[in-house]
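Heads up: the protein sequence lines correspond to chains V and D, in order.
For the first sequence, position 2 (counting from the first letter as 1) is numbered 1 according to numbering that gives the first Met the number 0, and the numbering increases by one without interruption.
For the second sequence, position 132 (counting from the first letter as 1) is numbered 131 according to numbering that gives the first Met the number 0, and the numbering increases by one without interruption.
Covered by chain D, according to a simulated footprint, are these stretches of chain V (three or more residues, beta-carbon under 8 Å):
1) 114–120
2) 223–236
3) 307–315
No wet-lab data here; the hints were simulated from the structure.
All C-beta atoms in this analysis are idealised placements derived from N, C-alpha and C, irrespective of residue type, glycine included.
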Amino acid sequence: MQPFTYSKAATSDDVIAALTGEGVQLIAGGTTLFDLMKLGIEQPRRIVDVSGIGGLDEVTLGPNELVFGALASMTDVASSPALQENYPVLAESLLKAASQQLRNMATVGGNLLQRTRCNYFRNGAMYACNKRNPGSGCAALGGVDRGHALLGGSEACIAVYPGDWAVALTALNASVDTQSPRGLRSIPLADLYRLPGQTPDRDTELAADEMILRIRVPAASYGRASTYHKIRDRESYAFALVSAAVMLDLDGDRVRAAHIALGGVATRPWRAPQAEALLTGQTLTPARALDAGRAAFEGATAGHHNAFKIELGARAVADALMIAQQRSTGQ
Amino acid sequence: MTDTLFPAATGTMGQPERRYEAREKVTGSAAYASDVKLARTAHAYLVTSSIGRGRLQSFDLTAARALPGVIDILTHETIGDEIRQTPSIYGGGYMADTLRPLGSAEIAHWGQPVAMVVAETYEAAREAANLVVVSYAAEVAPVAGMGSSVATGQALDPMGFAVGDFDTAYRTANVTVDANYTTPAQHQNPMELFATQCVWEAGRLTVHEPSQYVNNVKFGLAAQLGLDPSRIRVISTYVGGAFGAKGFLTHRTALVAVAARRIGRPVKLVPTRAQGFTVSGYRAETRHHVQLAATQDGRLTALRHEGWEVTSRADTVAMGAVSMTARLYACPNITARVNVVAADRSTPGFMRAPGEMPYAFAMETALDELAHKLQMDPVALRRVNDTQTEPVGGLPYTSRSLMLCFDTAAAAFGWQGRPSEPATMRDGDWQVGWGCATAFYPTHAGNSAARVRLSADGRVHVESAGHELGQGMYTMMAQVAAEELGVPIAQVTVALGDTDLPPAVVAGGSSSTASVAPAIMAACDAIRRRLGIATGVPADVMPAMEASGLGTIEEFTEVRAHGTAPDSLRGLYRGMALPAGGVHLPDRVQFALGAQFVEVRVHRRTREIRVPRVIGAFAAGRIINPRTAHGQLVGGMIWGIGSALHEHSEIDTRNASYINANLADYLVPVNADVADVQAIMVEEEDRLVNRAGVKGVGEIGVVGVAAAISNAIFHATGIRVRDLPIRIEHLM
Ligand SMILES: Cc1cc2nc3c(=O)[nH]c(=O)nc-3n(C[C@H](O)[C@H](O)[C@H](O)COP(=O)(O)OP(=O)(O)OC[C@H]3O[C@@H](n4cnc5c(N)ncnc54)[C@H](O)[C@@H]3O)c2cc1C
Ligand code: SF4
Chain V
0 MQPFTYSKAA TSDDVIAALT GEGVQLIAGG TTLFDLMKLG IEQPRRIVDV
50 SGIGGLDEVT LGPNELVFGA LASMTDVASS PALQENYPVL AESLLKAASQ
100 QLRNMATVGG NLLQRTRCNY FRNGAMYACN KRNPGSGCAA LGGVDRGHAL
150 LGGSEACIAV YPGDWAVALT ALNASVDTQS PRGLRSIPLA DLYRLPGQTP
200 DRDTELAADE MILRIRVPAA SYGRASTYHK IRDRESYAFA LVSAAVMLDL
250 DGDRVRAAHI ALGGVATRPW RAPQAEALLT GQTLTPARAL DAGRAAFEGA
300 TAGHHNAFKI ELGARAVADA LMIAQQRSTG Q
Chain D
0 MTDTLFPAAT GTMGQPERRY EAREKVTGSA AYASDVKLAR TAHAYLVTSS
50 IGRGRLQSFD LTAARALPGV IDILTHETIG DEIRQTPSIY GGGYMADTLR
100 PLGSAEIAHW GQPVAMVVAE TYEAAREAAN LVVVSYAAEV APVAGMGSSV
150 ATGQALDPMG FAVGDFDTAY RTANVTVDAN YTTPAQHQNP MELFATQCVW
200 EAGRLTVHEP SQYVNNVKFG LAAQLGLDPS RIRVISTYVG GAFGAKGFLT
250 HRTALVAVAA RRIGRPVKLV PTRAQGFTVS GYRAETRHHV QLAATQDGRL
300 TALRHEGWEV TSRADTVAMG AVSMTARLYA CPNITARVNV VAADRSTPGF
350 MRAPGEMPYA FAMETALDEL AHKLQMDPVA LRRVNDTQTE PVGGLPYTSR
400 SLMLCFDTAA AAFGWQGRPS EPATMRDGDW QVGWGCATAF YPTHAGNSAA
450 RVRLSADGRV HVESAGHELG QGMYTMMAQV AAEELGVPIA QVTVALGDTD
500 LPPAVVAGGS SSTASVAPAI MAACDAIRRR LGIATGVPAD VMPAMEASGL
550 GTIEEFTEVR AHGTAPDSLR GLYRGMALPA GGVHLPDRVQ FALGAQFVEV
600 RVHRRTREIR VPRVIGAFAA GRIINPRTAH GQLVGGMIWG IGSALHEHSE
650 IDTRNASYIN ANLADYLVPV NADVADVQAI MVEEEDRLVN RAGVKGVGEI
700 GVVGVAAAIS NAIFHATGIR VRDLPIRIEH LM
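Okay, chain V solo, but in the shape it has when bound (with noise of 0.2 Å):
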């Protein structure tokens, strides 16, 4: 670790005035941070701590939208009842993540922005990765996979993104709004996060000099039936094996429009379009459940010790559906 200097901002304002220059970071819980820094893999010379900036950590759960400042803690988002109420999905995707004492430091905005846990990318330069050393090549490739990508890896990189909530957030169309010398912009989370492509090194759209104020949910009567469904190596802080973020707009046994997105498998928050067009117009039974899980992996790729996860994904999402449905019949 490399030292680095410490400031602590009172605005936006003053965050995006000093994100100016190389290698300079904003902090916020700094559980990701910190991990990093002590890896080697982030070396920032100035670090920007935002978590004084007043106003950011509020919540709304409005009519037609759900507004999550940046600042605000998993912990202190997980728990609302009103949220776990009408939104289960977005509530379990928190509270399934880490354990109790990261989610107390850790914050829904840096959330969005952790690093994949590929063991390569990790364990220093030992090992090739085009992600922390471009042009490297991948050790993932012919090595240890099991927690690689089925899905949007590319030759350069199959490392999956390890978190929950984004997942959650992309299967109800979330966007989060930033703040940037170039001004405020709005960016929906399906654009946010990169395919690796031949530059993994880059994890998403965001400028280095940009700052998440916000994420924001558009509003769903049909909230309550949804689920957060994460199926681990152990029962508690783990990262995802396979996860499914679902939401079920139903009339009746039949499914007007279905949201569905998957975690712990694919280089990005993967959203399910051909699982969704499979159930829309449908009655939904656990038959057709699983087909759209399997839809949900049509064009997976398989490594060495990740192939289970195809039929481990589709029957997750499967279960999904059924839980979000009976969650809609049990109101």
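Fit chain D with the ligands to the known structure of chain V by using the hints.
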């Protein structure tokens, strides 16, 4: 979790006394090795090899040396010949492996220390370590492990044995089982890292290091540094978990000692969690071939267990627990063999129930396969083959309460009425299964000495260089002295973990209490004799003490453990007190035994595995403190859940490296994975094992759990998994 504590005995022994050092630990005032504050400490950081096999070509230390605060950098080129080549414990020495620390340009394994930076601060040392540029020559790809190369394993003939005629018995049997099992590499990952602090004062060296054997460190270091052992003191007041990883001298201690001498200041090293994966030994991966044959009514007629274990090229290390699995059940025809597969890996070592865990997984799963084939209840199968005499040498067990354990645990579990067919129990979307397995651990003891001082005011001070690993050593020592002298336990103080104290056995092989309690008892006897009080019966010594008019009485005694060599007491004073017992005695075998019962649930579709209940009953002789013993047993059983479902040091075969060397990726059970775990202590009196009647409970809790879980998974799903850890993909 529910408690089932041993029924109360009279006096303090057998009572669930609270931990002697509870307040210090709860309040954080207990100073572990890295907490000890020394003036002007410099900080060290290791640089470790990123290749698995080859040679160091060159170092570029320019950038590292230029960093402000850097004081010294040790490499094989700069260290000189201050550290001598000394043998490992496998060659009669003290080291955990035979490589010389920074001894040459040879790279024997990934993660091998190749340099150590010393700087004013930890941060500077770490940054400089990152700036050290190492060039390697790696012409040959490393052999990472067993791979498909078991065929090239080397048989260790002294570990093999046979009785009867296995081949004929197996060939002509009614019912047979023939299966292969594997277990992965695992690391102990004690919460406390492998810290070392060294300080020289007037030619004398003091080492602060968490250790399971302070005298091993002292005498081993003396040999490495060519010093008179009397100039070295090793202190290990508290150890934050060890599990075998802190048993024997590793490379780091001599490096820190040399660095401290070179710069004339105390030096502190705290290797990282990842470096800990190769700083010390680990549980190597194993493979097993088990063949069983039985009559229609379940009597074993033939048993064969062959094991393969990964070892390093430098050291041949094998746990070889066929010596135990072949002695558990009556069987006339037995053959057993142990092989090692040498790989380009660091030398394996000891990890809680080192051989017992993997070998029990193989044997106890095979027995379940046999029970299934026979359509016999697995408990009934153990009962039919129960014996009080081990079948290899015909030696008697000093005591064996295996079926009492099975019956006790089965009753507590509600085993009766379990359907014998697999995949028949269901709770909603969850398939439910019940499994069981035998737990065993050999009873060991080693030579130990103790000093006890009784003062006229009724205070008692007990000293012995045993070790507090969290298992309850302080408390046990206080209890034994209080009982023997008839004083309240609150009047007893204890010192341990220091080479200036009377030497004791290595804290390994679950032998600490069995070894040190008899030494304390003997010292108390000596005090009682001086006061004219008969020994061996409860008595309060204080009236006689008052009558004597003496200020203090102090007695030092040494006790030789059953099965140790006649001249082995000398080894006690040279850091060579290793435990004896188990299956290595001429006249008998000694085991603690137990029965593990498990309920698992496997999700019908996603195949997630849950373990809602684990109930174990254990007969381990006398229990001196049911509270700490209970902690040991339950902790072991939880570890057993991890050994079955979670723990796995993942190896990239291309450079023989561990790629999940951190606690986020090396999975162990978290609270949510641990539901109802009950340890029942079955009453057992064994007057033969040692004077204290103690068999040890440190390791047995982990043994058999993995088999019980794999057996329960079979019962739930009909799928037999023979490879650990058992994960979702095995059940898809
Ligand atoms: C052991 C462990 C287990 C975990 N398990 C899970 C899990 O199961 N599921 C899961 O989803 N997550 C998991 N996480 C990740 C965790 O959720 C993230 O670390 C956390 O959410 C990051 O939030 P933070 O506020 O601490 O971010 P920080 O560390 O402060 O920042 C992270 C990154 O985002 C940038 N950043 C932060 N805020 C903003 C902003 N407002 N605008 C622009 N950039 C910003 C920072 O510059 C930095 O690059 C785990 C983390 C750890 C360490
Ligand atoms: S998968 Fe991506 S992150 Fe992992 S090693 Fe390959 S390039 Fe690096």
